[in-house]
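Enquirer: If you want the building blocks of each chain, they are given just below.
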Amino acid sequence: MPGEQDIKRHIKSVKSTQQITKAMKMVAASKLRKTQKAAVISRPYTEKLEQLLEHVIASLEVKTHSLMIARPVKNVGIVLLTSDRGLAGGYNTNLLRMVATQEAKFKDVGIKYIAVGRKGFDFVRKGGRNLQEDFSNISDTPEFVEAKVIAELVVDSYEEGMYDEVYLAYQQFISTIQQQPVLKKLLPIAGEAGAAPSEYIFEPHRAKVLDVLLPKYIDNEVYHALLEAKASEHGARMVAMGASTDNANEMLEKLALSYNRARQAAITREISEIVAGANALS
Amino acid sequence: MEKVLKLQIITPEKIALDQEINSLVVPAFQGLMGILPNHAPLVTGLHPGVLKYTKEEEEHFFFVSEGFLEVAKNTVTILADAAEKPREIDVERAREAKVRAQKRLKKRAKSLDVARARLALQRAIARIRAAEHRE
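Taken in sequence, the protein lines are chains A and B.
Residue numbers for the first sequence follow our numbering, so the first one is 1 and each next one is one higher.
Residue numbers for the second sequence follow our numbering, so the first one is 1 and each next one is one higher.
These are computed hints drawn from the structure, not numbers from a lab.
From the three backbone atoms N, C-alpha and C, an ideal C-beta is built for every residue, glycine too.
Be careful, since some hints might not be right.
Away from chain B, derived, C-beta distances all over 12 Å, residues of chain A [said to hold, decoys possible]:
| id | residue |
| --- | --- |
| 1 | Q5 |
| 2 | M24 |
| 3 | S30 |
| 4 | Q36 |
| 5 | V73 |
| 6 | G89 |
| 7 | F106 |
| 8 | I111 |
| 9 | F121 |
| 10 | I201 |
| 11 | P204 |
| 12 | P215 |
| 13 | N247 |
| 14 | L255 |
| 15 | Q264 |
Below 27 Å or equal to it, Euclidean Cα-Cα: the simulated DSSO-like pairs (lysine-lysine) are [claimed, not checked]:
| id | chain 1 | residue 1 | chain 2 | residue 2 |
| --- | --- | --- | --- | --- |
| 16 | A | K37 | B | K110 |
| 17 | A | K112 | B | K110 |
| 18 | B | K85 | B | K55 |
Please build the complete structure, drawing on both the sequences and the hints.
Expert: Right, here's the structure in full:
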């Protein structure tokens with residue numbers, strides 16, 4: 001049985017750990033709020049852009065843009081959005097497990113990764129997978145320019161023919177306590193051509209507008225995914241840290257009990273020693 | 001006939017402007033383009049530049065990065081990567097960006113994406129020009 005001092009030390013260490021987990025939980029909660037706010041703000045832009053894109057594509061007679069034409073799939077690219085740091089429960093593990101299972105689907109094609117976040121980078125490197133590029137230190141509330149750098153790399157690589165399909169793998173934000181790992185196709189861009197003629201005038205012409213509109217759409221898709229991934233990360237970390245704080249509480253209760261027991265045992269022992277001593281004297 | 005039209009400037013990070021205005025001049029792909037109330041439906045791309053609109057006889061300026069403009073139902077919607085009021089512009093940063101872009105274009109490294117470097121230069125110049133219109 002551990003002595004009083006040992007238990008006391010243990011209690012102290014659990015308490016200080018609990019303080020850290022508590023602080024991390026609170027920090028994650030506030031970051032989550034900020035990220036969610038950014039996601040809400042980005043909605044009007046996304047809606048308008050999607051509406052415009054759908055409209056332009058529908059007015060085309062045939063799909064003409066290289067970002068829209070499906071090619072026979074020989075090489076795929078996966079943009080893997082993970083966190084830089086751990087202590088976020090199953091956030092990274094669940095996503096990477098999903099990606100590992102999905103790899104089986106691309107048996108006869110080459111897969112290359114664009115890793116965003118340290119954990120994904122480790123997954124690619126340690127698993128002996130192919131890496132095109134890695135990004136880390138994405139802001140806690142991602143900025144559009146950060147997404148743009150990634151999106152431009154993806155679009156360029158696609159147009160050069162390095163990839164025939166590009167996917168985004170990330171944790172979709174469902175609620176604070178729930179995330180869903182998803183593998184979403186980014187390129188080629190889907191859409192029905194020839195659905196409806198347009199009443200719009202296009203300046204200078206449709207193809208030119210499409211030339212700029214499609215990469216913008218990709219920028220925005222990546223931005224959106226970054227926001228979702230970050231919101232999920234903050235949510236997962238908040239829940240994980242909340243659970244650790246609760247666990248620490250439970251542990252402290254048990255430790256307090258055994259500390260009291262040890263103390264009482266010591267007192268009882270002392271009393272019996274004194275009594276024995278007194279008896280010996282008389 | 002309406003005398004005003006609605007102007008919305010939307011970026012992924014904010015709604016930069018949402019106002020009723022009287023007229024608008026934008027840096028469109030084919031040069032400056034003026035838009036008045038009751039314009040026909042239109043979609044065009046925008047270069048980074050300075051946008052000018054008038055409201056109650058007063059001129060206002062705005063920096064817009066590359067993006068799009070849609071006119072429909074007497075509403076002009078501008079989707080841009082970034083949009084800033086003249087007083088929100090960080091001129092120092094724009095000057096640095098301008099020098100950086102010019103250097104890059106001069107050196108012409110093999111890996112240089114000329115179109116992108118040009119865009120960066122245009123953005124920097126547009127920011128500096130828009131900032132001259134601080135109220």
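Enquirer: Now tell me, hint by hint, if it's right for this structure.
Expert: Going down the list of hints, with the structure as the test:
Remark: the non-interface label on Q5 of chain A is consistent with the geometry, its nearest Cβ contact in chain B lying 56 Å away (cut-off 12 Å). Distance check on M24 of chain A: its Cβ is at least 27 Å (rounded) from any Cβ of chain B, clearing the 12 Å threshold; non-interface status holds. For S30 of chain A, the condition that its CB be more than 12 Å from all CB atoms of chain B holds, with the nearest at approximately 19 Å. Interface exclusion of Q36 of chain A from chain B stands, the closest Cβ pair being 14 Å apart, more than 12 Å.
Residue placement check: V73 of chain A keeps its beta carbon more than 12 Å from all beta carbons of chain B (closest about 27 Å). Non-interface status of G89 of chain A relative to chain B is upheld: no Cβ of that chain comes within 12 Å, the nearest being about 29 Å off. Every Cβ of chain B is farther than 12 Å from the Cβ of F106 of chain A; the closest lies at roughly 29 Å, confirming the non-interface assignment. No Cβ of chain B comes within 12 Å of the Cβ of I111 of chain A; the nearest lies about 25 Å off, and the non-interface call holds.
Residue-level check passed: F121 of chain A sits 23 Å from the nearest beta carbon of chain B, beyond 12 Å. The non-interface label for I201 of chain A is inconsistent with chain B: the shortest C-beta to C-beta separation is roughly 5 Å, within 12 Å. Taking the minimum C-beta to C-beta distance to chain B, about 5 Å, the non-interface status of P204 of chain A is violated against the 12 Å cut. Some Cβ of chain B comes within 12 Å of the Cβ of P215 of chain A; the nearest lies about 10 Å off, and the non-interface call is violated.
Under the 12 Å C-beta cut-off, the non-interface status given to N247 of chain A relative to chain B holds; the minimum distance is some 38 Å. At roughly 48 Å from the closest C-beta of chain B, the C-beta of L255 of chain A stays outside 12 Å, upholding its exclusion from the interface. At the 12 Å boundary, the C-beta of Q264 of chain A stays outside the reach of chain B, the nearest C-beta of that chain being 62 Å off. Our distance criterion of 27 Å between C-alpha atoms is broken by K37 of chain A and K110 of chain B, whose separation comes to about 41 Å.
In summary, the hint linking K112 of chain A to K110 of chain B is supported, as the alpha carbons are separated by about 24 Å, within the 27 Å threshold. Distance restraint check for K85 of chain B and K55 of chain B: the Cα-Cα separation of roughly 15 Å lies within the 27 Å cut-off, and the hinted pair is therefore satisfied.
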